[in-house]
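The listed protein sequences derive, respectively, from chains A and B.
Count along the first sequence starting at 1, add 21, and that's the number in my numbering.
Quick note on numbering: my numbering labels position 477 of the second sequence as 459, and the sequence is numbered without any gaps.
Everything labelled a hint here was simulated from the structure, so no lab data went into it.
Just so it is clear, CB atoms sit at the ideal spot from N, CA and C, and this is done for glycine as well.
Just so you know, not all the hints are guaranteed correct.
What the hints assert, rightly or not - Chain A regions said to be covered by chain B (calculated; three or more residues, Cβ under 8 Å): (1) 113 to 124; (2) 127 to 138; (3) 150 to 157; (4) 181 to 189; (5) 215 to 223.
Stated by the list, open to error - Derived lysine to any residue pairs resembling SDA-like cross-links, with alpha carbons at most 20 Å apart: (6) K152(B) - R135(B); (7) K395(B) - P379(B); (8) K395(B) - P232(A); (9) K395(B) - R225(A).
As the list claims (entries may be wrong) - Just the calculated beta-carbon pair ranges, DEER-fashion: (10) Y449(B) - R136(A): 40 to 46 Å; (11) I155(B) - P144(A): 37 to 43 Å; (12) A2(B) - R136(A): 43 to 49 Å; (13) E173(A) - P270(B): 49 to 55 Å; (14) L233(A) - K395(B): 16 to 22 Å; (15) D220(B) - P144(A): 15 to 21 Å.
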Amino acid sequence: MSQGGGSERIGFLRAAIARIEAGGSIEKRPGLQGPGEAGAGAFGRVLAGGRGVFCEVAPAASHDRGAASGFALALAARCAREAGGPLLWVAEDFACVEWGVPCGPGLAAYGLAWRDLTLMRLPRRADVWLAMEEAIRARVFAAIVAEPAGLEGAEAPKILRRLAMGARAAGARMILLRPPAGERLPFLAPTPLRFEVAARPAPRPAAGRRPLPGQGAWRVRYAGPGGRLPQFGSDAFHEVDLSPVDLSPVDLSPVDFSPADFALRLAPAPTAALTEDFIGAALSLRPLVGLSGRAA
Amino acid sequence: MPRYLCVRLSAFPVGLPDSAEKLALLAEACRRYTPLVACDPPDGLVLDIAGAAHLFGGEAALAQLIEGRFARLGARVAVADSPEAAWALAHFAPASAARNLPSGDAKALARAMHPLPTAALRLSDDVALALSQTGLKTIGDVATRPRAPIAARFGAQVFARLDAMMGHAKSPISPRFEAPAYVVERRYAEGVRARPHIEDILLALAQEACGLLARHDEGARRLAVVLFRVDGLTRRVDVATSRPLRDAPSMLRLFRGKLDALEESAREALDPGYGFDLIRLAVMQAEPLAARQEGLRLEAAPQAASQAASQAAPAIGPAGMGFGRDGRPQDALADFIDRMSARFGAQRVLRLAPQDSHMPERAMIAAPATIPPERARESGEPAPAADERPLRLFERPEPIDAIAQAPDGPPLKFRWRRMVHDVVAYEGPERIAPEWWRDAQDRLTRDYFRVEDVHGRRFWLYREGLYDGEAAQRPRWFVQGLFA
């Protein structure tokens, strides 16, 4: 029952999450199970602006950091719209030097105004954890995005578990933007939501037309708590393509078109295609409140 | 009398501060007596004790107290109606003479000043020598003679100094420290060392300061706590707020964060030594704050002040949103910003602010969040479209190796951070000229391209310099941002 391509994709991802949880294709370690609702239910709650969720977003490769940042920001923007309130971006200094700082005009692509964002640049990783904990306790932010430069050290799992439980207890929405997951640096937090994000090429136009860079788009994979991600392509059933529009909570009059031509319709859109106004006028994506029950 | 020679003995001049730094330390220590302290290099301090002497039992008692405190330095303290007179007494009065002159007694002042040498007028060396050679050896010699001939021969500064000394002309001092709007303090016979005790004192001081602020319908924007150690050293803790603040527990939370940060810093640790015998809270800057209904808050139940102060998290409103101490959600955000700014520094908690510039790295800066947004300058130019600017912008553009189909064409391939990216789609160029009124003359024109590589990664590249001879070298390529 699609209301638009975005809903199809989100529904697909939710179904994939539910299958992983039910099928056990990902090794589960109950001892590390994160607090609170996991998987599809938690994802639905994030999209609906639900509280007490800790997401872990990792780029598939080092150079996918831009895509992962966009996905994390899109999730945060979704929370901001649903729940209302400002956003907090806590970054370690080295991460800002390495990957840049959020650019004010670029935030508008996610429906965010520069006034909505509070940015903290901290010199040490311990300061990042402290700021996150304080932000959780402040209970004022619609979402908190944290970006440490790395997660080395034996204490990282404990800290992330503490933060996840803190977010759960305080009803905060926290998104951890972390370095790429790998064999040497597995996913660490006992979080119910883990995403590995890669950039997705824009659809190519018909022959004879000059290709233009597409709008923000991602290939997103989901992993269950404590699980290890398989290699790309080896287990494609829990992989889905998304764009910022898919995560938009706009709910206006339905426009009927299939997921297949969704990207084609999006690609030649005017430059303001991803702004809030255009989304409201041209695309219709129902809020995903209540989808958790259906997917489960 | 026998005399001995000790070859292993090294002699150092002691007693006087030998540098401006030490003098500044002494000035800091003297802030316990009055906030208006001025350095008088190379070896003096001037304290304006008007209105403060009675707190120490009067001027004579205060002078005795200060002299006793700095006795090891050989300090000589004098009290007079003018800084010049006090300086002259401290430097030239004989040991047997009284150095504490009664206030407003012009005759006593004249009696004390007239026997002093003319050097006490702090004249230049040649003028002082000339006065001495003409037989004018004391201030009395100068003061009791006709002014016109002396002024004509030795200059007007002689009587200008004399008038300032006698209180006939104003001679303001330049205090080393900013005068606070409000000051409250606590003194203790024995030093306070324990951190919980210090925090209790700070809370009491904050409540007292809030009372003063409420009386004038004001709130604090900058606060300072000065802790005076028994041994004379001082520690100062400054905090700023993003809005006028008149809530004692919130003030304490700000200072608590700062004290935590100090304790973690080995270099700037809050070392109480033998304890702090004076703790002072100063409101350095206050702004109008409308009166509010105190006590009408959304907390579940009223609590004792100390318990409220110990609560790190604000109260929770009905919808789960955080509320500040005054029960408003916007106050909760301001509370958080203030607390984090106090903990990590104002430069660490930032808010994006547009600037009047079309250079991407200057168009939007991250300014301290404690600065009110309305003070940020809005750019007069139309903002670029959202998808024309990247999500992340590098602080310093990174040089890349790029291959283009034509010299001034878009890139076909580029290498960034040891990885080669094949460009499959591009958009551009968007030409941005340097701001000649601001940049150095060697800044070059930039041609920006939005490119997508074969994996779908999107970058913001630019070529610096044009092929029309704008630069002596070949244009270079940079990557400045990442798109999602």
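These are the hints, each one checked on the structure:
1. Counting residues of the segment 113 to 124 of chain A whose C-beta lies closer than 8 Å to any C-beta of chain B gives 7; at least three are required, and the coverage claim holds.
2. Check on the segment 127 to 138 of chain A: 7 of its residues sit with their Cβ under 8 Å from a Cβ of chain B, so the three-residue criterion for coverage holds.
3. Counting residues of the segment 150 to 157 of chain A whose CB lies closer than 8 Å to any CB of chain B gives 4, so the stated coverage by that chain holds, three being the minimum.
4. For the segment 181 to 189 of chain A, the stated coverage by chain B is not satisfied: 0 residues place a CB nearer than 8 Å to a CB of that chain, which falls below the threshold of 3.
5. Interface restraint, the segment 215 to 223 of chain A with chain B: holds (5 residues with C-beta to C-beta distance below 8 Å; minimum three).
6. A distance of roughly 24 Å separates the Cα atoms of K152(B) and R135(B); the hinted pair therefore is violated under the 20 Å criterion.
7. Note on K395(B) and P379(B): the hinted pairing holds, with a Cα-Cα distance of about 18 Å set against a maximum of 20 Å.
8. A threshold of 20 Å between alpha carbons decides the hint, and for K395(B) with P232(A) the separation of about 15 Å falls inside it, so the pair holds.
9. For the hint linking K395(B) to R225(A), the alpha-carbon distance of about 18 Å falls within 20 Å, and the restraint holds.
10. At about 41 Å, the CB distance of Y449(B) to R136(A) agrees with the hint of 40 to 46 Å.
11. Look at I155(B) against P144(A): about 40 Å separates their beta carbons, and that is inside 37 to 43 Å.
12. Checked against the hint of 43 to 49 Å, the C-beta distance between A2(B) and R136(A) comes to roughly 45 Å, which is consistent with it.
13. Here the CB-CB span from E173(A) to P270(B) is close to 50 Å, well matched to the stated 49 to 55 Å.
14. About 18 Å separates the C-beta atoms of L233(A) and K395(B), a value consistent with the hinted range of 16 to 22 Å.
15. In this structure the supplied range 15 to 21 Å holds for D220(B) paired with P144(A), their Cβ-Cβ distance being about 19 Å.
The structure fails to meet hints 4 and 6 from the earlier list, while all remaining hints are met.
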